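Engineer: Single-letter residue listing:
Protein chains: 2
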Amino acid sequence: MYTIDFEPLGRRGRCRDSMSLLDCARQCGVGISSVCGGHGTCGSCRVRIASGNVSEPTSREREVFTPRELRSGWRLACQTYPRSHCRVTVPAESMTTTQRVQVEGILAPVTPEPAVQDCQVRLAPPSLSDLTADAGRLLEALNQQCKIHCDLVDIEVLRALPGQLRSWDWECRASVRSGELVAIIPRSGRQLGLAIDLGTTKIAGYLVDLGDGDTLAARGVMNPQISYGEDIISRINASIASPDAGMKLHGLVIDAINQLANDLCNAVHVSTGEIVDAVVVGNTVMHHLFLGLPVSQLARAPYVPAVSRSLDIKARDVGLEIAGGAYVHLLPNIAGFVGADHVAMLLATTDRQRAGSIIAIDIGTNTEVSCISNGEITAVSCASGPAFEGGHITDGMRAASGAIERLRVTGDDIQYQTIDDVPPAGLCGSGILDALAQLYLAGIIDAGGRMKDNHPRIHRRQKQREFRLVSREERGGLPPIVITQSDIRALQLAKAAIRTGIEVLLNTSGITEQQIKQVIIAGAFGSYIDVTSAITIGMLPPLPPGCFRQVGNAAGAGARRALLSLNERAEARQIASRVHYVELASVPDFTPTFMAASYLGRYRIRNGKREEIG
Amino acid sequence: MYTIDFEPLGRRGRCRDSMSLLDCARQCGVGISSVCGGHGTCGSCRVRIASGNVSEPTSREREVFTPRELRSGWRLACQTYPRSHCRVTVPAESMTTTQRVQVEGILAPVTPEPAVQDCQVRLAPPSLSDLTADAGRLLEALNQQCKIHCDLVDIEVLRALPGQLRSWDWECRASVRSGELVAIIPRSGRQLGLAIDLGTTKIAGYLVDLGDGDTLAARGVMNPQISYGEDIISRINASIASPDAGMKLHGLVIDAINQLANDLCNAVHVSTGEIVDAVVVGNTVMHHLFLGLPVSQLARAPYVPAVSRSLDIKARDVGLEIAGGAYVHLLPNIAGFVGADHVAMLLATTDRQRAGSIIAIDIGTNTEVSCISNGEITAVSCASGPAFEGGHITDGMRAASGAIERLRVTGDDIQYQTIDDVPPAGLCGSGILDALAQLYLAGIIDAGGRMKDNHPRIHRRQKQREFRLVSREERGGLPPIVITQSDIRALQLAKAAIRTGIEVLLNTSGITEQQIKQVIIAGAFGSYIDVTSAITIGMLPPLPPGCFRQVGNAAGAGARRALLSLNERAEARQIASRVHYVELASVPDFTPTFMAASYLGRYRIRNGKREEIG
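So the protein lines, in turn, are chains A and B.
To convert, note that position 560 of the first sequence is 576 in my numbering; the numbers rise steadily by one, no gaps.
To convert, note that position 472 of the second sequence is 488 in my numbering; the numbers rise steadily by one, no gaps.
Please note that a few of the clues may not be correct.
[To be verified] Pairs of lysine to aspartate or glutamate, DMTMM-like flavour, derived with a Cα cap of 25 Å:
1) A:Lys330 - B:Asp333
2) A:Lys264 - B:Glu337
3) A:Lys264 - B:Asp333
4) A:Lys163 - B:Asp333
5) A:Lys330 - B:Glu246
It should be emphasised that the hints constitute simulated quantities derived from the structure, not laboratory data.
Quick caveat: nothing in here was measured; it's all calculated off a predicted structure.
Using the sequences and the hints given, assemble the complete structure.
Structural biologist: If you want it as structure tokens, here you go:
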């Protein structure tokens with residue numbers, strides 16, 4: 017029996033020498049990707065042995081890794097057996113989707129310096145010889161007991177104050193923001209903050225302890241506005257079509273966030289009244305709809321937002337049900353289609369001291385890309401559409417139980433792995449990307465995206481070809497899971513939009529692909545994809561795998577940073593003010609660039625090296 | 017035909033030499049009091065000839081005035097005929113009630129220095145080469161075109177901004193308060209302010225031009241909370257009895273103020289959206305109910321308010337429907353029963369440079385009295401009740417058309433004057449006071465308040481005596497207008513409460529009656545009373561009539577001062593912080609003082625001199 021430490025998750029397990037590292041990982045709840053089911057053929061369970069002794073490399077591993085990689089400790093978890101206590105590093109790309117969400121915590125820590133000051137006070141009750149009013153009594157105590165100078169009392173706090181002070185026996189915990197009393201809670205309460213990443217499709221919420229910076233609970237829900245359309249353009253159109261729809265869209269998202277805040281609080285047995293500060297990030301349209309601002313001007317040239325600067329708004333003024341006088345902070349927007357969520361992502365991910373050029377991509381229904389080079393930030397926005405989130409793809413589905421998240425084509429055989437290891441129900445974004453790359457590498461589709469007729473799984477239905485990834489027989493009589501010629505066209509448009517954005521940025525910034533030191537990929541989809549597949553289809557430039565950093569919900573992480581620290585808010589303003597926004601449509605060679613970008617890739621990455629395809 | 021100028025009203029009329037000054041005044045709309053109907057017997061139409069020639073004094077006038085007074089120009093308007101162009105001064109006490117309201121304007125003017133800065137701007141529309149967001153565009157223009165530094169935009173203003181700027185062709189007038197944009201209106205709009213004196217019984221509203229300080233419209237309405245009880249104690253009790261009642265009382269008063277604001281705006285053809293600032297004053301309970309604060313703690317010792325300090329609250333947070341982001345300022349309270357209205361009254365009336373001791377009284381359902389002496393302010397609150405507003409008095413009524421406002425007893429005959437000179441319907445406060453004083457002087461009631469049985473108008477009904485001021489015959493068959501023994505007892509309690517307050521203040525401040533230089537009487541009732549009657553019944557100390565200054569709705573005037581000037585708000589805070597509040601109930605010799613004060617007066621004022629009664 018050996019002790020195995022899996023990093024960076026910090027999970028520890030006990031392992032017999034008859035168990036592979038993959039078995040051991042599964043036993044202790046570490047989700048390592050395994051497309052082939054542990055036969056050493058797919059190469060998806062790569063790990064690095066940081067210390068300790070393990071079994072010798074198998075012949076399969078010698079095929080997958082270079083001798084240098086093997087010397088550095090790279091191994092396939094399914095082929096490796098421990099021979100002593102070991103420390104095993106699991107890279108993000110080897111983790112299952114559900115596991116990756118937990119990895120986000122690896123982002124740099126931030127020192128709490130919240131917008132809200134905290135003071136626990138004990139007051140002398142009023143008497144005939146001390147007739148000071150309740151509010152004055154409390155403010156005086158804040159000054160004396162915590163050296164907090166506070167001049168203003170929020171009206172909601174004031175309304176509850178006389179009853180609360182009396183029922184809490186003249187003791188409480190007070191939250192003061194810029195000289196204003198924004199909340200009082202019982203003396204034993206906690207000062208909490210709420211960070212929200214408001215996406216077009218999903219809303220991610222984080223409940224944070226403002227004292228120590230810990231994230232107490234995290235949860236994601238669907239954005240209920242989706243019933244008004246999947247992308248931001250349809251949301252804008254809905255709000256233009258009917259005068260009420262704008263406020264209806266506002267109300268929907270507020271209700272969802274209130275429910276989310278409630279659920280987060282219930283999970284850790286606290287009350288939403290203890291949430292004394294909040295930060296919300298989203299793209300410009302989500303930002304505007306959250307605030308109840310009109311969006312029609314975002315649909316007409318020159319696409320200017322109602323407001324770009326950062327905002328501090330009373331939470332109740334947008335309908336958020338948190339502490340009585342609490343504010344919600346909104347990070348600045350950059351332009352009509354590059355919003356506060358991108359600022360948050362840059363805040364969370366870009367090491368500001370770092371030299372060298374960085375590309376930062378937040379992939380979603382709308383994809384924002386920034387290029388940080390020589391202290392300049394240039395940003396574009398790409399209408400990538402919902403294909404990568406499974407939208408408008410025949411058998412596409414959200415990343416839920418049963419979704420195929422990894423896929424390999426080996427001759428006539430298809431190997432795949434589903435979320436939660438249950439029978440397949442459809443393809444989520446990363447599975448769709450793998451399928452496109454694998455069909456291309458197998459010569460089933462050509463570089464122009466045309467499906468050939470050279471494989472027994474290709475069928476013709478409703479006037480177009482489709483590739484049956486899982487047949488009716490394999491599904492026990494259920495309809496087959498397919499990828500159609502139309503699906504491929506939709507994926508080409510989506511990936512071309514993103515690649516065009518990257519190319520335009522490189523041109524504008526005057527740097528070459530080779531000068532890129534790092535590509536940061538954020539967003540749910542971006543964090544789960546196999547980067548090599550993305551390179552194969554030509555969505556990402558063919559750089560060495562070590563250049564890519566998949567950082568999960570970086571916008572959410574940025575929101576939490578801003579929630580925890582006024583310095584981070586200042587930094588976000590700084591970032592936003594430095595960004596040079598490029599309107600893609602106004603770039604002279606947009607059309608040829610887009611046409612070129614719609615072809616599948618010229619290169620694949622194999623064993624860390626780039627090879628020409630074909 | 018002579019030209020007659022009536023001052024301080026500034027009204028000019030033309031007069032034939034066959035017309036008395038009284039006739040001339042009536043003809044040009046100057047309301048001079050005339051109880052006896054112009055027969056020279058009541059002495060209520062006193063005026064002073066400031067310049068010009070008039071007829072010789074009649075024998076009636078020689079009875080009413082001293083030779084010195086006649087030499088100074090004092091005359092009865094009904095006995096005096098012009099012989100040249102004249103300037104005639106009409107003292108407040110000779111005016112009818114309706115006329116007096118207009119006199120309030122004589123209070124010292126204030127230089128406008130409003131809380132809200134004004135800027136008319138013209139913006140360049142956005143273009144593909146200037147993508148600045150709407151808010152940023154406007155804030156930049158404020159800085160460049162008006163040197164106004166503005167960082168924040170109210171969320172309601174922001175919501176309307178994109179549509180308004182576009183529909184107004186990128187021109188507007190902006191209101192900025194402490195670096196926050198609180199309103200934008202069309203470029204041709206006016207910046208208006210709303211001042212509210214929120215009384216227990218009545219609400220007075222003033223619409224003010226913040227640019228030049230002019231009061232554009234003024235209006236009074238009943239406080240609809242009256243359905244929950246006439247005095248503040250019953251309002252508090254109502255709000256304690258049912259959890260919803262507090263918010264219901266809040267809602268009632270807000271609805272009434274919104275309606276009042278609407279009416280004021282309609283009267284001068286402006287919109288409530290042009291009201292960019294507001295000031296509200298009221299007693300502490302009204303103040304709390306206006307804000308939606310709990311009041312139960314005001315009913316229990318030690319009667320501390322939820323808040324005393326001055327407040328700036330978003331108008332929408334209390335439900336006021338004025339400009340989107342406008343604030344409402346509340347002057348500070350002094351104690352549980354000395355509120356912001358008293359501070360406003362002191363602000364409006366006390367000449368801060370003036371030497372000598374001043375008593376300032378705001379008579380209402382609750383009466384506040386302050387003594388200003390040697391730079392110290394001491395205040396008390398007296399529960400005077402609704403008797404002076406006609407409440408709980410058999411034939412009492414509000415000061416409306418048909419109310420007897422002046423009354424004289426001459427032998428068996430009763431002379432009176434009604435509001436609007438229509439047949440009598442009842443007695444308003446000043447009429448009640450006159451009645452009590454006249455019955456006392458005529459020996460019909462004794463100093464202890466007991467009604468004798470020595471007059472043909474005295475009758476016995478329902479086990480008590482009553483004096484029929486107007487008989488059934490005189491009313492053409494309608495029931496008689498009476499004053500009963502119970503009425504007299506109620507009036508004694510009311511006047512004793514006020515006199516006790518004055519006595520306690522004098523004792524506390526260590527000054528004597530003779531050291532009082534001025535008695536300022538504010539409030540609707542206080543402005544309409546005959547001061548000599550108030551002295552006769554012992555409600556006010558027997559000082560020379562020249563000491564008394566009846567200033568009308570001084571709280572409303574103070575509210576307007578605070579609306580117009582930040583300096584005045586600072587001064588109000590200064591006043592409130594200097595006030596030493598004395599809790600009447602805790603004064604050691606309260607009971608004997610009150611007992612003594614319930615006796616009717618020992619002195620009357622006759623021809624400006626004090627005489628012992630009896």
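Engineer: Decide if the proposed pair is consistent with the structure: Lys330 of chain A and Asp333 of chain B, CA atoms, cutoff 25 Å inclusive.
Structural biologist: Roughly 11 Å between the alpha carbons, so the hint for Lys330 of chain A and Asp333 of chain B holds.
Engineer: Hey, Lys163 of chain A versus Asp333 of chain B, does the alpha-carbon distance stay inside 25 Å?
Structural biologist: Between Lys163 of chain A and Asp333 of chain B the Cα gap is close to 29 Å, so the pair fails against 25 Å, i.e. violated.
Engineer: Under the criterion that the straight-line Cα-Cα distance not exceed 25 Å, is the pair Lys330 of chain A, Glu246 of chain B satisfied?
Structural biologist: Distance of about 37 Å is beyond 25 Å: violated.
Engineer: Straight-line Cα separation of Lys264 of chain A and Asp333 of chain B no greater than 25 Å?
Structural biologist: holds (22 Å)
Engineer: Straight-line Cα separation of Lys264 of chain A and Glu337 of chain B no greater than 25 Å?
Structural biologist: holds (22 Å)
Hints 4, 5, counting from the list given before, are not met by this structure.
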